[in-house]
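Following the hints, complete the assembly by docking chains G, A and F with the ligands onto the known chain L.
Chains L, G, A and F are the protein sequences, given in the same order. Going by this note's numbering, the letters in the first sequence line up with residues 1 to 114, in that order. Going by this note's numbering, the letters in the second sequence line up with residues 1 to 109, in that order. Going by this note's numbering, the letters in the third sequence line up with residues 1 to 576, in that order. Going by this note's numbering, the letters in the fourth sequence line up with residues 1 to 240, in that order.
Calculated from the structure, these hints are not laboratory results. Any given hint could turn out to be false.
[Claimed, not checked] Think about it this way: if two alpha-carbon atoms lie no more than 30 Å apart in a straight line, the pair counts; the simulated BS3-like pairs of lysine-lysine are: (1) A:Lys321 / F:Lys78; (2) A:Lys324 / F:Lys78; (3) A:Lys188 / A:Lys32; (4) A:Lys282 / A:Lys119; (5) A:Lys306 / A:Lys448; (6) F:Lys121 / A:Lys32; (7) F:Lys78 / A:Lys306; (8) A:Lys321 / A:Lys306; (9) F:Lys109 / F:Lys121; (10) A:Lys327 / A:Lys282; (11) F:Lys239 / F:Lys160; (12) A:Lys282 / A:Lys324; (13) A:Lys282 / A:Lys321; (14) F:Lys109 / F:Lys160; (15) F:Lys239 / F:Lys163; (16) A:Lys306 / A:Lys282; (17) A:Lys62 / F:Lys121; (18) A:Lys119 / A:Lys169; (19) A:Lys321 / A:Lys119; (20) A:Lys306 / A:Lys327; (21) A:Lys327 / F:Lys78; (22) F:Lys109 / F:Lys235; (23) A:Lys188 / F:Lys109; (24) F:Lys109 / F:Lys228; (25) F:Lys121 / A:Lys119; (26) F:Lys163 / A:Lys32; (27) A:Lys188 / A:Lys551.
[Claimed, not checked] If you want the footprint, here are the derived chain F segments under chain A, 3+ residues with CB under 8 Å: (28) 9-19; (29) 27-36; (30) 49-57; (31) 143-156.
None of the values given here were measured: they were computed from a predicted structure. Note that CB positions come from ideal geometry on N, CA and C, so glycine has one too.
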Amino acid sequence: MSMLANRTRPLWFAAMIHRLSGLGLAIFLPFHFLVLGLAIRGEAQLDTFLRWTDQPLVKFSESALVGLLAVHMLGGLRLLALENMSWRGGQAVRALGLIAIAALVAVYFLVRVF
Amino acid sequence: MNVALYAWQRATAALMAPLVLVHLVVIFYAMGAGLSAAQMLARTRGSIAWGLFYGVFVAAVSVHAAIGVRTILIEWTPLPRRAIDGFAILFGLVLAVLGLRAVAAVVLP
Amino acid sequence: MPIERVRTDILILGSGGAGLFAALHAHAADPKLDITVATKGLLGKCGCTRMVQGGYNVSLHKGDSIERHFMDTIEGGKWLPHQELAWTLVTRAVERVRELENEIGCFFDRNADGSLHGKAFAGQTFDRTVHKGDLTGIEIISRLMEQVWARPGIRQLEEHRAVAMIPSKDGASLSGLLMIDVRTGALKFIEAQAVLLATGGGPTMYRYHTPSGDKSMDGLAMALRFGLPLRDMEMVQFHPTGLYGGAETRMTGTVLEEGLRGAGGYLLNGEMRRFMGDYDPKLERATRDVVSRSMYAEMRAGRTTKNGGLYIAMSHLGPDKVRKMFKGMVERCDDCGFDLAGGLVEVVPTAHYFMGGVVCGVDTATERPGLFVAGEDASGMHGANRLGGNGVANSTVFGGIAGDTMPRWIAANRGHRPPDEGVLDAEVARALVPFAAKPGDVNALREKLMDTMWNDVGVLRDRAGLDRGLAALDTIEAELLATGVADGNRAFNLTWHDWLNLRSLIETSRVITLAAIQRENSRGAHFREDFPEPGDLDSSTYTVARQRGGKIEMTNEPVEFTIVRPGQSLLADAAE
Amino acid sequence: MADTLQVSLWRGGSDGRYVDYAVPARESQTVLDVVTYVQRHLDATLSYRFACRVGMCGSCAMQVNGRARWTCRTHVSKVAEGGKLTVAPLENMPVIKDLAADMREFFGKWQRAKGRFAPSKTRNDPVEPIDPATPQRRAADAAIECINCGVCYASCDTVKWDKDYLGPAQLNRAWTLVNDVRDAGNRERLVAVSEGSGCHSCHSHQSCQEFCPVGLNPTRSIAGLKRKSLAAYLKGELKP
Ligand SMILES: Cc1cc2nc3c(=O)[nH]c(=O)nc-3n(C[C@H](O)[C@H](O)[C@H](O)COP(=O)(O)OP(=O)(O)OC[C@H]3O[C@@H](n4cnc5c(N)ncnc54)[C@H](O)[C@@H]3O)c2cc1C
Ligand code: HEM
Ligand code: SF4
Ligand code: F3S
Ligand code: FES
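This is chain L alone, in the form it adopts within the complex (with noise of 0.2 Å):
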C-alpha cells in the first residue's frame, strides 16, 4: 500500500503537532508538580532541584516544554478560530506560522537560559 496521501498534507502534520504536544505536555506535567510540591519540604531541596536544572540538558528539554506549550497553545487557539469564527481558508499557511512562532519561542527561551 502506497502512502496514504492524507497524511501527507500540512494541516494533517499540524494535528499530529497537536496531539503529541498535547499528549507531552500531559506525560510532563505530572512530573512537575510532583518537584513543584516539594517546596513544601522547604526551600534547601527546591534549590537542590533547581541547581540540578542548570545542567545543559535539563535545560534543552525545558526550552523543549516551553515550545510544547507555545506550540500546543498556538495550534489549538488556530483551532478554537476555525471553530468558532466564520470561515477562512489558507489554513495551512496558518498553522505552519504558528508553529514556527512557537518554535521561535523555544529558541528564545533556550537562549536565555544559557
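Here is chains G, A and F with the ligands on its own, set in the frame of chain L:
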C-alpha cells in the same frame, strides 16, 4: 467526544490561553531577573492572587488534559471505552491533586 | 440446481426515481407489507435519475397551466403519445413536485421572491423546468435514497440483477423474478405478490450513449421474453452533444449540456466549417433531433475530425465568460483533459433516452396480473419525442402511482403464486449459458453491436440499412452464444454481467430495428430517409411489438385522440 | 508520455494483494478506463464499480496512488507518477472484492446522523417560499451537492481511528438540514450529532475538504454543527 466533554475541553482551552501567556511571561521574567528559588517563593507565598491564578490553571489543565488523553486513547488504543473513561478520570484527579499540592507549596505561607 | 428462494410482498426492480418512489408510496400505504428494492448497482447510485441535469417539468408557475404543459408534451411527441398517460403525467407532476419539496426534502432553486424557479428548456412554450442548479438529479435521488434508508421496513438488495420473469404455474400471472446476487454470483428466486419493473430502459447499444453503465435494457428484454407488448420501440432520442474522447474511454458519449448551443456555441466539422447553416436556418439553436441528424449526416459524409467526431467551440464567447457560465461542464472537460472554455472539444450525437417500453395503463398495470411498470421502462407518455424535463417527471409520477396501486392490488388479489418450475429451471440454465462456452472476447462483440446500431439503426435510417442491421444482429447474437466467460469466480464477475447486458441489448436492438422498419414515416426521434414525411396526423399509429413462440410480431395501432385531436389545442379552448 | 502504464491493482478481499498489469497509455484515459481495460483485456474477473461516468453518482471512488479519488473523472496524466498507478478499494470501508468497497456502514452512519429530511408539511401544501439570499439558504446550498462518493470518509483519519465516528459526509449533510428552515427534525438531529463520536470528534484535519471532488467543505459544515450544538447545549436544549 460528546458535546459536554467538548464544551469543557474548549472552555478550559480558552481559559488557559491567557494563563499560559502570563505563565510564560513569568518564567521569562524570573529568568531575566535571575531570581533564585527563594526569591521566587518570597513573592508567591501568601499571595492570594497567585494562589487563585495557579489554582484555576491547575483545575483547568486537569480537566483539559484528561479529556484530551481520553480522546487519544480512544483513537489510538484498542482499550474498551469504560477502561479509558476510568483512566481519564483517574489521570485528571492525579493531575489535580499533584497540581494543587504544588500550588499549595508555592503559595501557602 | 437448487437455488435460494426468498419471498416478499412487493418486489421493486430498480432504484431510480420510479423504483424509490414506488417503495416509499407502497410503504406509506401499508407499512406491514414486506417491500424489497432490488437494484443492479448501489441503491440510488445507479441509473439515470441521478444524472438529470436540466430539471423537472411542472406547471406550478404563475402564467403556466396544466393544459399548456400537456399540449407541449403532445406536440413534442408528434401526436403519438397516449393522451391519458400524458395527461396523468402533467397533472400529477404538480403534486409530485410538492411532495418532493415538502415531504422528501428536495430543495429546489428559488426566485428572489421565494417562489420556485422555472428555467427554459427547448421545445416548451413556458419556462417550467424546476431544478437545483444543473445537478437536479443528485438532489432528487439523494433525498429519495435517504428516505428509503430511513425506513428499515423497506428491504434492500443492492447489486442484485434481475434476469428473468417467471410465470406462475398456471401461466396466467407473474410469480416472481430470477435474480443474480452480483456480489456472490449466486442465483436467487424472489417470489412476490406484486412486482414493479423500473429498470429504466437505457439505449446503451449505440456507439455513443449517455445513460449510466448499469443500464442495458434488461427490463424490456425480460418483458419481451415474458410475452408483453412493447410500444414505440423505434423511438430512441439522441442528444446532439456527447463528449467524444475516442473509443476506449468511458467518457465518450456523456452529455455536454444543451445550454452550450443555446448560449451561442458553434458546431464545426473537421474542415473547421460551421456546418449547421447547411441544414437549418436556426443553426445550432435548432431542436435536438434536427441538430443530431445534421451532425450525423456530416459525420457520415466523412467531414469529421481526425478522430471521427465534430467540434464544439465556445471560446469566441470569451473563455472567462464560458468558464463562469458553464462551470460544471468546463471542469468536467478539464478533468478529462479537454479545454472547453478556450479550445475545441470533440462532440458526437449520443443516444440519450428510450421512449419505447412496456404497454401500461394509467395505474401502471401491465397486461399480466401482478406485474406493474414505471419510469423509462414504461411507454406511451412521450410518443415520438420526450421533452427535456419530462423524463424525471415521468419516473417519479408513475413510480409513486405504482406504489399506490400495488398494495391495493395485493389487497384484492392476496397470496403468492408458485412459479412454473420448468420455466424457472430453463431461465437458470439460460443465465449460466456463458459458462458453458469457451471463453472469448465479449467486448469485441459489444463494439460490433454498437457499430451496427450506430451505422444502420441510428439517427438517420432507411430500409436497406435497417435490413442490414437486422442481419448483423443475428450474426452478433450467434457469436455471443458461442463466446463464453471463464467459470472461475462468479462473485462480482463483471464480465459475466457484460455478457448478460449484451444479450439484453441485442434482443432489444432487434425490436428497435423491426419497429423502425415498421414505421414508414418520420416522426420526432425516428427519421427514415426513405420516408422523410411525418404522414397524416389524424390517422397516426404507434407500433407494438410482441414476442410469440420465439418470433417477434409487429403491429400498428391507431393513436386514440381522447383529449385533443391534431389541429386542436386545449389552450385555444381555454382562451374561448 | 510512456506508451504503457505500470498498474498495480488490489485483488481479493481484505486479505488480498496487489497484482501488476501493463496497460497501454492513451491520450484520453481516466483511471476508470485503465481499470476497465484490465477487466476487458487482461483479467476478466476483475471487480470494480461505476455507473454514471461523469462524477454524479459517486460509485467509482478508489484509492489512486494512496489518495481517494473519483476515478471516472481523474485523467491518468494527472496522477500517474512515472507511468505508475496503484489502485485500491476505498479506505475505511470493508472490501467486497478487488476494487469494490462496501458502503453500507457509510450510509448507516448517514442515518445515525439523521441525514434525512423531516417534513413539516405535506404534498397538499404549497411549496414554501424561501428567499434565496438568506444566510441559512446559502449555507444549505453551499453544502448540498454531495454525491456521497465516500472520498472524504476514506480520507479522514478520525474515521479510521474511531469506528463510531459519524464521518464528514454524514455531518455535512446534517448541516444542510440544520439550515433548512422547512425541516422539523433538528432537535433530534442536534442530539444525534452531539453524542459520542459525533461532530465534536472531528479534529479539523481538513482532508475531507481538500479531497472532496466536488469542492464541498465538510470541515466548515462540521464547525457549524459544533457551534450550533454547543449553543443548544449551553441553553440546556440538548439532553445527550
Ligand atoms: C445524462 C442524462 C441527463 C438527463 N437529464 C434529464 C433532465 O434534465 N430532465 C429529465 O426529465 N430527464 C432527464 N434524463 C432522463 C431521466 O434521467 C430518466 O428518464 C429517468 O431518470 C428514468 O428514471 P427510472 O427510474 O425509470 O430509471 P433509472 O433512474 O435509470 O433507474 C433504473 C434502475 O434500474 C436498475 N436496473 C437496471 N437493470 C436492472 C436489472 N436487470 N435488475 C435490477 N435493477 C436493474 C438500475 O441499476 C437503476 O437503479 C436524463 C438522462 C440522462 C442519461
Ligand atoms: C494554552 C492553552 C491550551 C489550548 C488553547 C489548548 C487547546 C486544545 C484544543 C483546542 C484541543 C483539541 C484538539 C482536537 O480536538 O484536535 C486540545 C487537545 C489537547 N490538549 Fe490542549 N490546549 C491548551 C493547553 C493544554 C495543556 C497545558 C495540556 C497538557 C497538559 C494540553 C493537553 C491536551 C491534550 C492531551 C489534548 C488532546 C489532543 C488530541 O485530541 O489530539 N492542552 N487542546
Ligand atoms: S462531501 Fe464530497 S467527498 Fe464527501 S461524500 Fe460528499 S461529495 Fe464525496
Ligand atoms: S478529515 Fe476528518 S477530522 Fe474532521 S475535518 Fe474532515 S472530518
Ligand atoms: S462513475 Fe459516477 S462518479 Fe464516477
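Okay, the hints, checked on the actual structure:
The hinted pair formed by lysine 321 of chain A and lysine 78 of chain F meets the criterion: a straight-line CA distance of about 26 Å does not exceed 30 Å. A C-alpha spacing of about 23 Å is found between lysine 324 of chain A and lysine 78 of chain F, which places the hinted pair at or below 30 Å, so the restraint holds. With a C-alpha separation of about 24 Å, the suggested pairing of lysine 188 of chain A with lysine 32 of chain A holds against the 30 Å cut-off. For a cut-off of 30 Å, the pair hint linking lysine 282 of chain A to lysine 119 of chain A stands: about 21 Å separates their Cα positions.
Restraint check: the Cα-Cα separation between lysine 306 of chain A and lysine 448 of chain A comes to about 21 Å, which is no more than 30 Å; the hinted pair holds. In summary, the hint linking lysine 121 of chain F to lysine 32 of chain A is supported, as the alpha carbons are separated by about 24 Å, within the 30 Å threshold. For the suggested pair lysine 78 of chain F and lysine 306 of chain A, the alpha carbons sit about 25 Å apart, so the restraint of at most 30 Å is met. A distance of roughly 29 Å separates the Cα atoms of lysine 321 of chain A and lysine 306 of chain A; the hinted pair therefore holds under the 30 Å criterion.
Simply put, lysine 109 of chain F and lysine 121 of chain F have alpha-carbon atoms about 26 Å apart, close enough for the 30 Å limit, and the pair holds. For a cut-off of 30 Å, the pair hint linking lysine 327 of chain A to lysine 282 of chain A stands: about 26 Å separates their Cα positions. Distance check on the hinted pair: lysine 239 of chain F and lysine 160 of chain F sit about 28 Å apart at the alpha-carbon level, within 30 Å; holds. Restraint check for lysine 282 of chain A and lysine 324 of chain A: the C-alpha separation of about 25 Å stays at or below 30 Å, so the hint holds.
Using a Cα cut-off of 30 Å, the hinted pair lysine 282 of chain A and lysine 321 of chain A holds, with the two alpha carbons roughly 23 Å apart. Restraint check for lysine 109 of chain F and lysine 160 of chain F: the C-alpha separation of about 14 Å stays at or below 30 Å, so the hint holds. For the hint pairing lysine 239 of chain F with lysine 163 of chain F, the CA-to-CA distance comes to about 23 Å; that is within 30 Å, so the pair holds. Taken as a hint, the lysine 306 of chain A and lysine 282 of chain A pair is honoured in the structure, with Cα atoms around 27 Å apart against an allowance of 30 Å.
Annotation: proposed proximity of lysine 62 of chain A to lysine 121 of chain F holds, straight-line Cα distance about 22 Å (limit 30 Å). In summary, the hint linking lysine 119 of chain A to lysine 169 of chain A is not supported, as the alpha carbons are separated by about 51 Å, beyond the 30 Å threshold. Straight-line distance between C-alpha atoms of lysine 321 of chain A and lysine 119 of chain A comes to about 20 Å, which keeps the hinted pair within the 30 Å bound. Between lysine 306 of chain A and lysine 327 of chain A the alpha-carbon distance is near 28 Å, which keeps this suggested pair within the 30 Å criterion.
A threshold of 30 Å between alpha carbons decides the hint, and for lysine 327 of chain A with lysine 78 of chain F the separation of about 20 Å falls inside it, so the pair holds. For the proposed pair lysine 109 of chain F and lysine 235 of chain F, the alpha carbon gap of about 27 Å is at most 30 Å, so the pair holds. A C-alpha spacing of about 29 Å is found between lysine 188 of chain A and lysine 109 of chain F, which places the hinted pair at or below 30 Å, so the restraint holds. Among the hinted pairs, lysine 109 of chain F with lysine 228 of chain F is consistent with the structure: their alpha-carbon atoms are about 20 Å apart, no more than 30 Å.
Our distance criterion of 30 Å between C-alpha atoms is met by lysine 121 of chain F and lysine 119 of chain A, whose separation comes to about 25 Å. A hinted pair counts as satisfied when its Cα atoms are at most 30 Å apart, and lysine 163 of chain F with lysine 32 of chain A does not qualify at roughly 33 Å. Our distance criterion of 30 Å between C-alpha atoms is met by lysine 188 of chain A and lysine 551 of chain A, whose separation comes to about 28 Å. Figure legend: the segment 9-19 of chain F, annotated as covered by chain A; annotation inconsistent (0 residues with Cβ-Cβ distances under 8 Å, at least 3 required).
Only when three residues or more bring their CB closer than 8 Å to a CB of chain A does the claim for the segment 27-36 of chain F stand; here the count is 7, and the claim holds. Beta-carbon proximity to chain A at under 8 Å applies to 9 residues in the segment 49-57 of chain F; the threshold of 3 is reached and the given coverage holds. Against chain A, the segment 143-156 of chain F contributes 5 residues with a C-beta closer than 8 Å to a partner C-beta. That satisfies the three-residue criterion, and the hint holds.
Hints 18, 26 and 28 from the earlier list are contradicted by this structure; the remaining hints agree with it.
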